[in-house]
Amino acid sequence: MADKKTVPAEAHASPHFVVPYATLRNVAFALLGFTALTVITAQMHLGWAAAPIAFLIALMKALLVMAYFMGLKFDAPLNRLIFACGFIFLSLLYIFSALDIFNRIPQLPTL
Amino acid sequence: MSTGNPAAHSDHTHHTAHHFRDADHEFVTSKEGIWLFMVTEILMFGGLFVGYFFMHNRYPEMFAEGASHLDWRMGAFNTVVLILSSWTMALSIHFIQTGRNDKATKMLLTTIACGAIFMVVKFFEYKAKFEHGLLPGHFFHAHEFTAPNLAMYFGFYFCMTGLHGTHVLIGMGLMVWLLKRNLRGDFNEHYYTPVEGVGLFWHIVDLIWIFLFPLLYLVG
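Chains as they are written, first to last, in the numbering used here: chain H, 99 to 209; chain Z, 134 to 353.
I should point out that these hints are in silico values taken from the structure, not numbers from a laboratory. These numbers were taken from a predicted model, which means no experiment stands behind them. One or more of the hints may lead you astray.
With a cut-off of at most 25 Å between alpha-carbon atoms, the simulated SDA-like pairs for lysine to any residue come out as follows [said to hold, decoys possible]: (1) H:171 - Z:323; (2) Z:236 - H:164; (3) H:171 - Z:233; (4) H:171 - Z:158; (5) Z:262 - H:124; (6) Z:260 - Z:323; (7) Z:239 - H:169; (8) H:171 - Z:161; (9) Z:313 - Z:249; (10) Z:255 - H:134; (11) Z:236 - H:134; (12) H:171 - Z:162; (13) Z:239 - H:127; (14) Z:236 - H:124; (15) Z:236 - H:126.
Pulled from the structure, derived: some chain H residues nowhere near chain Z, Cβ distances all over 12 Å [said to hold, decoys possible]: (16) 203; (17) 205; (18) 206; (19) 207; (20) 208; (21) 209.
What follows is a list of derived Cβ distance ranges for each label pair [said to hold, decoys possible]: (22) Z:181 - H:150: 16 to 24 Å; (23) Z:197 - H:200: 17 to 25 Å; (24) H:112 - Z:187: 39 to 47 Å; (25) Z:309 - H:196: 39 to 47 Å; (26) H:172 - Z:187: 33 to 41 Å; (27) H:134 - Z:295: 22 to 30 Å; (28) Z:213 - H:209: 51 to 59 Å; (29) Z:253 - H:205: 28 to 36 Å.
For every residue, glycine included, the Cβ atom is placed at its ideal position computed from N, Cα and C.
Here chain H stands alone, though its shape is the one from the complex (with noise of 0.2 Å):
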């Protein structure tokens, strides 16, 4: 598993590129850091910051994942908007529900 040889980059109008394999090693060790890095922090019992850490670690991860992995971080400018689409539609949805379910006024009984 130790041979680093890639296809030299093409010419920019060409759709392919390949992820070194060194770069995948290194985005696959960082990840499983990661992934240690979150189980510590879970058994240090952060109280109210647990969730917001291990989001963020989570997040952190899923960057990796799809720059690399995914390849966007190569890939048309296209691609990215479109994937990009699918979290701005998701954070709408988070909005307007939050806007409503945070703002309810309790209703008491009458009886």
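We have chain H already, so just place chain Z on it with the hints.
Positioned in the frame of chain H, the structure of chain Z alone reads:
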């Protein structure tokens, strides 16, 4: 495997469909389609995640109790397995792109094996939940618990991990198809679109689990 040889390009089995300008046009269009499909995946799982966030915000103790019924070691083990499988999937594309299809075969086999290991661990986890009656909705019949609405946690748990597990099984099936085609010599550095597409799907499966593991097993 002689498919890695650029000289074999002219007689490989794939021919660009007539409605595309050239092979690059076909590749770009196919990949765009896969990315659009990935958006629907994000929206499907995203709805469940948004539901999780609101209910977790409302009943934090119930979610903490639910998570205490899960074994984080099994979750962590499965996280490692899926990360390794994502890596081997990325490597199989890398090896096909660099003309080493025999190595790609090994990587595809490893990816399928990782998917199988993941599902076996999931089977034992589900089995324990079924035995203890930790099930969603009115199927819930556990005896030792404090939160009155613990069944909701297991509703989220089974919906999210069940949908995810279904994706793992479908991904494994697609990879068997890739393996068969790779052994037949369909792929080379000029044509590997199906491998690229299934690869993106498999990475989405990994991506979802990256969020499921801390949210369900660790934080609760």
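Verification of the supplied hints:
| no. | hint | verdict |
| --- | --- | --- |
| 1 | H:171 - Z:323 | holds (21 Å) |
| 2 | Z:236 - H:164 | holds (24 Å) |
| 3 | H:171 - Z:233 | holds (24 Å) |
| 4 | H:171 - Z:158 | holds (20 Å) |
| 5 | Z:262 - H:124 | violated (37 Å) |
| 6 | Z:260 - Z:323 | violated (45 Å) |
| 7 | Z:239 - H:169 | holds (21 Å) |
| 8 | H:171 - Z:161 | holds (16 Å) |
| 9 | Z:313 - Z:249 | holds (18 Å) |
| 10 | Z:255 - H:134 | holds (20 Å) |
| 11 | Z:236 - H:134 | violated (29 Å) |
| 12 | H:171 - Z:162 | holds (18 Å) |
| 13 | Z:239 - H:127 | holds (20 Å) |
| 14 | Z:236 - H:124 | holds (19 Å) |
| 15 | Z:236 - H:126 | holds (18 Å) |
| 16 | 203 | holds (16 Å) |
| 17 | 205 | holds (16 Å) |
| 18 | 206 | holds (18 Å) |
| 19 | 207 | holds (20 Å) |
| 20 | 208 | holds (24 Å) |
| 21 | 209 | holds (24 Å) |
| 22 | Z:181 - H:150: 16 to 24 Å | holds (20 Å) |
| 23 | Z:197 - H:200: 17 to 25 Å | holds (21 Å) |
| 24 | H:112 - Z:187: 39 to 47 Å | holds (45 Å) |
| 25 | Z:309 - H:196: 39 to 47 Å | holds (42 Å) |
| 26 | H:172 - Z:187: 33 to 41 Å | holds (36 Å) |
| 27 | H:134 - Z:295: 22 to 30 Å | holds (27 Å) |
| 28 | Z:213 - H:209: 51 to 59 Å | holds (57 Å) |
| 29 | Z:253 - H:205: 28 to 36 Å | violated (49 Å) |
The structure shown violates the earlier hints numbered 5, 6, 11, 29.
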